[in-house]
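**Student:** For reference, the chains in residue letters:
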Amino acid sequence: MKQYETVIGLEVHIELATKTKIFCGCSTEFGGEPNTHTCPVCAGMPGALPVLNRQVVEFALKAGIAANCQINQLCRFDRKNYFYPDNPQNYQISQLYLPVCHDGWIEIETSAGKKKIRIHEMHMEEDAGKLIHDEWEDCSLVDYNRSGVPLIEIVSEPDMRSAEEVISYLDKLRCMMQYLGVSDCKLQEGSMRADVNLSVCEAGSGVWGTRTEMKNLNSFKAITRAIEAERERQIELLEMGKPVIQETRRWDDNKESSRAMRSKEDARDYRYFPDPDLPPVHISDEWIQRIRNTQPELREEKQQRYQDELGLSDYDARVLTESAHLAALFEKTAELSQNPKKTAAWFMGEVLRLIKEYGTEPEKVCFSPKHLARLICMVEEKKVSPANAKKVFEHIFDEDTDPEAFVREHGLGIVQDADLLQRVLQKVLAENPGPLSELLGGKEKVFGFFVGQMMRELKGTASPEAVREALMEEIKKNRR
Amino acid sequence: MELSQMTALELSRNIRERKISVSDGVESVFAQIRKKEKKIHAYLDLFEEDAYKRAEQVQKGIAQGIYTGPLAGVPIAVKDNICIKGKKTTCASRILENFIPTYQAEVIDRLEQAGMILIGKTNMDEFAMGSTTETSAFGVTTNPWNTAHVPGGSSGGSCAAVAAGEAYMALGSDTGGSIRQPSAFCGVTGIKPTYGTVSRYGLVAYASSLDQIGPVGKNTEDCAALLQVIAGHDQKDSTSLRRELPKFGLTSGEDLKGMKFGVPEEYMAEGMEEGVRNTFLASLKLLEELGADVEFFSMKTTEYVIPAYYIIASAEASSNLERFDGVKYGFRAAEYKGLHDMYRKTRTQGFGKEVKRRIMLGSFVLSSGYYDAYYLKALKAKAIIKKEFDQAFEKYDVILAPVAPHTAPKLGESLKDPLAMYLGDIYTVAVNLCALPAISLPGGLDGRGLPVGFQMIGPCFGENTLIRAASAFENARGTFPSAEKGGIKI
Numbered sequence: 000m001k002q003y004e005t006v007i008g009l010e011v012h013i014e015l016a017t018k019t020k021i022f023c024g025c026s027t028e029f030g031g032e033p034n035t036h037t038c039p040v041c042a043g044m045p046g047a048l049p050v051l052n053r054q055v056v057e058f059a060l061k062a063g064i065a066a067n068c069q070i071n072q073l074c075r076f077d078r079k080n081y082f083y084p085d086n087p088q089n090y091q092i093s094q095l096y097l098p099v100c101h102d103g104w105i106e107i108e109t110s111a112g113k114k115k116i117r118i119h120e121m122h123m124e125e126d127a128g129k130l131i132h133d134e135w136e137d138c139s140l141v142d143y144n145r146s147g148v149p150l151i152e153i154v155s156e157p158d159m160r161s162a163e164e165v166i167s168y169l170d171k172l173r174c175m176m177q178y179l180g181v182s183d184c185k186l187q188e189g190s191m192r193a194d195v196n197l198s199v200c201e202a203g204s205g206v207w208g209t210r211t212e213m214k215n216l217n218s219f220k221a222i223t224r225a226i227e228a229e230r231e232r233q234i235e236l237l238e239m240g241k242p243v244i245q246e247t248r249r250w251d252d253n254k255e256s257s258r259a260m261r262s263k264e265d266a267r268d269y270r271y272f273p274d275p276d277l278p279p280v281h282i283s284d285e286w287i288q289r290i291r292n293t294q295p296e297l298r299e300e301k302q303q304r305y306q307d308e309l310g311l312s313d314y315d316a317r318v319l320t321e322s323a324h325l326a327a328l329f330e331k332t333a334e335l336s337q338n339p340k341k342t343a344a345w346f347m348g349e350v351l352r353l354i355k356e357y358g359t360e361p362e363k364v365c366f367s368p369k370h371l372a373r374l375i376c377m378v379e380e381k382k383v384s385p386a387n388a389k390k391v392f393e394h395i396f397d398e399d400t401d402p403e404a405f406v407r408e409h410g411l412g413i414v415q416d417a418d419l420l421q422r423v424l425q426k427v428l429a430e431n432p433g434p435l436s437e438l439l440g441g442k443e444k445v446f447g448f449f450v451g452q453m454m455r456e457l458k459g460t461a462s463p464e465a466v467r468e469a470l471m472e473e474i475k476k477n478r479r
Numbered sequence: 000m001e002l003s004q005m006t007a008l009e010l011s012r013n014i015r016e017r018k019i020s021v022s023d024g025v026e027s028v029f030a031q032i033r034k035k036e037k038k039i040h041a042y043l044d045l046f047e048e049d050a051y052k053r054a055e056q057v058q059k060g061i062a063q064g065i066y067t068g069p070l071a072g073v074p075i076a077v078k079d080n081i082c083i084k085g086k087k088t089t090c091a092s093r094i095l096e097n098f099i100p101t102y103q104a105e106v107i108d109r110l111e112q113a114g115m116i117l118i119g120k121t122n123m124d125e126f127a128m129g130s131t132t133e134t135s136a137f138g139v140t141t142n143p144w145n146t147a148h149v150p151g152g153s154s155g156g157s158c159a160a161v162a163a164g165e166a167y168m169a170l171g172s173d174t175g176g177s178i179r180q181p182s183a184f185c186g187v188t189g190i191k192p193t194y195g196t197v198s199r200y201g202l203v204a205y206a207s208s209l210d211q212i213g214p215v216g217k218n219t220e221d222c223a224a225l226l227q228v229i230a231g232h233d234q235k236d237s238t239s240l241r242r243e244l245p246k247f248g249l250t251s252g253e254d255l256k257g258m259k260f261g262v263p264e265e266y267m268a269e270g271m272e273e274g275v276r277n278t279f280l281a282s283l284k285l286l287e288e289l290g291a292d293v294e295f296f297s298m299k300t301t302e303y304v305i306p307a308y309y310i311i312a313s314a315e316a317s318s319n320l321e322r323f324d325g326v327k328y329g330f331r332a333a334e335y336k337g338l339h340d341m342y343r344k345t346r347t348q349g350f351g352k353e354v355k356r357r358i359m360l361g362s363f364v365l366s367s368g369y370y371d372a373y374y375l376k377a378l379k380a381k382a383i384i385k386k387e388f389d390q391a392f393e394k395y396d397v398i399l400a401p402v403a404p405h406t407a408p409k410l411g412e413s414l415k416d417p418l419a420m421y422l423g424d425i426y427t428v429a430v431n432l433c434a435l436p437a438i439s440l441p442g443g444l445d446g447r448g449l450p451v452g453f454q455m456i457g458p459c460f461g462e463n464t465l466i467r468a469a470s471a472f473e474n475a476r477g478t479f480p481s482a483e484k485g486g487i488k489i
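Protein sequence lines correspond, in order, to chains A and B.
By numbering that gives the first Met the number 0, the letter at position 79 of the first sequence is numbered 78, and the numbering carries on one by one without gaps.
By numbering that gives the first Met the number 0, the letter at position 373 of the second sequence is numbered 372, and the numbering carries on one by one without gaps.
FYI, nobody ran anything at the bench for these hints, they're computed from the structure.
It cannot be assumed that every hint is accurate.
Claimed, not checked - In silico PhoX-like pairs for lysine-lysine, Cα to Cα no more than 25 Å straight-line:
| id | chain 1 | residue 1 | chain 2 | residue 2 |
| --- | --- | --- | --- | --- |
| 1 | B | LYS386 | A | LYS79 |
| 2 | A | LYS18 | B | LYS235 |
| 3 | B | LYS38 | A | LYS79 |
| 4 | A | LYS129 | B | LYS344 |
| 5 | A | LYS355 | A | LYS220 |
| 6 | A | LYS301 | A | LYS263 |
| 7 | A | LYS129 | B | LYS409 |
| 8 | B | LYS344 | A | LYS79 |
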């Protein structure tokens, strides 16, 4: 059998995290009763006019600069005309002729090593509303809450060759956008959507095949499955001597297969032209410079700094920077605890353990760094035992509890009170005359038994060292 | 003086001096409407009850010192493509027959703040596409000077209402001459402001890059006062300019000594009616008598203005009118099978012939494969035309032109030959392509007693130059007769 190569390019839509829509003042909040986040502008009423939200340009520039793009300092909006009820004006305001950013690249890493994926362009556009088909009433309803939510579309060059590279690219983009604070990039909620352009060709032939575009990919898993399936479908066609048809296909993740939506012949003519309601956007050198100066530290730099400045291992630095949110939480905690290594250990251990155990996402972790920092200090100061600290932390993780107050109220602090220790010691010795005589007889094994008994009586509020010490002292006394 | 013969400024002055009440002005308008509207049909909707209520409010407001402006208490008519909250806004189209906006145009807010009284919505060519008001889905409007003739268009209803005394002034919109041409045909005055001077928010778009709302009135001073009310930056319209607004109007008794006027010689070519030519030449002479320099020059791009205009305007219109689809508001076909059939039937039944023609034309010039050859080329032509006007304004303060090659045609004559109708826009469309201000005012009457308009075109932001020249011209010309006095009795 011949060897085939897969050639993949992606079109990724990312919903920007602005408070208001791209051309009006309506809220972009997800959810909400249908048509409550709407106004004459985003509902396409006659006579309403769009006014550009500058924050959208700001976010697009941040993304473009992070992805090493060139900036079109004079960019413009164009109308993409097509009739569909989710689009109230029957044209979408987008950018075709002069997109805000173009010709950039990002670096991905796979098992095969590092690779640059080129970005063809990034442009700004408005999202459409949502259609709801009521099968019972046999009618369709439309909700314009999402209409006018700002998007950037990032179009890559066909530089990817496998599903692994695609996932790595998407992961990289998602991480970058989260670090920049321009989007939360949730595939399930649709704030990140990817269309896959794929073709196959005989390895080494240098002649590319006909590509198809795959839509409706709602998870990384679906994307991987769709790429594998489409690659196989195209190879099968070629092996049978049939041509691949240039078309748009829709992936059905339940059936794990795709079907054709429309071919090139009935591709729509969008009749793009510059939107006369929106003047061109001038992006000054100063604006670009200001964004460059205020760009946040991205993951790679952070990872390096964690190793160089905080002395973390390569592995820990990598894991701790996976989520921008968690990294920020870590840094704040480390700063407050003045102990980056111990803080890292807490994050690598307890924080990640609880995230996994609860099945939650790193972005949703929301305890106060000062609480964990305090807890770390309390362990260092031997005010709470490491074992109890873990229990306390669960409450911090769940309810953002103040560790100091919690330890006090629940009597979990390490006992500094020598009298109490003595009282408990005498009680335990008195209750266990048998083991005591064995201990005094030199049976070292029962030593552990007594330590355990005391710890139980003290509910873990004493340090094992203190208990051990008191016990040793008692034995010495009795032997004398 | 008879109330209905007063200008808007005179009416308001009398109101503010407590000589008459605001309701008196409203009553004079409705008296004329009762007398003439059956024949003229200037209005699509009248707000009689609201107008009297509002008159009382404004009367109090004037007494309390809330409304102090020169147009306080003046009744005004509004073209039916400008949204008024809670009032039908149809654009004279079946497809918006029952559309009631929940918001209103910026200009309406400004009229209300000036203490003006909204009388009703005026008839127009459907979506402002036409030059006669005959493409309205709700019947024709007739010319108050001779009801066998059209009032012009597309703001035919607004201009006819003012000419018939059915309103003291009106708002129109001008995309390719739609204020100036019906003003000329109806013997009233109209200004197309510099693009971006008046907010387009709430104006149902025909061609967004060319549309401007402007005043229609009995004379230049009235129009200047109304322009003052509606002009100004509006953040809801991204194409609205942050220009420093002058006080529109006369500073003192002006003469025209030393002012330079240019007349494109191409405008004198064949096809102009005798009556129009004679009036135009007489008007030039009058300016010279006032001490102005009038000289002919060549405007080589003249032959390109109509094709460039119709390509750009239709392209934008084809996209602007996509939102009328039966999904959200307005008309929807009664019976259909599925979404695409609903679109097709709704738009087939909802739009008139001229609107469909322009949607087809606009869709064609934007189609892939034709975009470069038509749309882009038209944009390039527009840039060249603009450059030639800019160069002309280095030499001349004002460019003079007729408004149309003919006076108001008879009803039913124009729509048979749309191309001929388009060619009638030769003197008006370049102004919109180049974003320039222009004024149309009555120059005289033709042999049949129909008004002939005279057009002055200024450089961008040159409204006050136009107002100064037009006022001087008006003074020299003498009071223009009203339709009632000068026209054929109805």
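**Student:** Indicate, hint by hint, whether the structure satisfies it.
**Tutor:** Evaluated hints:
1. Restraint check for LYS386(B) and LYS79(A): the C-alpha separation of about 30 Å exceeds 25 Å, so the hint is violated.
2. Proximity of LYS18(A) to LYS235(B) is assessed by CA-CA distance (about 18 Å); at most 25 Å being required, the pair is judged to hold.
3. Proximity of LYS38(B) to LYS79(A) is assessed by CA-CA distance (about 45 Å); at most 25 Å being required, the pair is judged violated.
4. With a C-alpha separation of about 24 Å, the suggested pairing of LYS129(A) with LYS344(B) holds against the 25 Å cut-off.
5. Simply put, LYS355(A) and LYS220(A) have alpha-carbon atoms about 19 Å apart, close enough for the 25 Å limit, and the pair holds.
6. For the suggested pair LYS301(A) and LYS263(A), the alpha carbons sit about 45 Å apart, so the restraint of at most 25 Å is broken.
7. Between the alpha carbons of LYS129(A) and LYS409(B) the distance comes to roughly 51 Å, so the proposed pair goes past 25 Å and is violated.
8. Restraint check for LYS344(B) and LYS79(A): the C-alpha separation of about 23 Å stays at or below 25 Å, so the hint holds.
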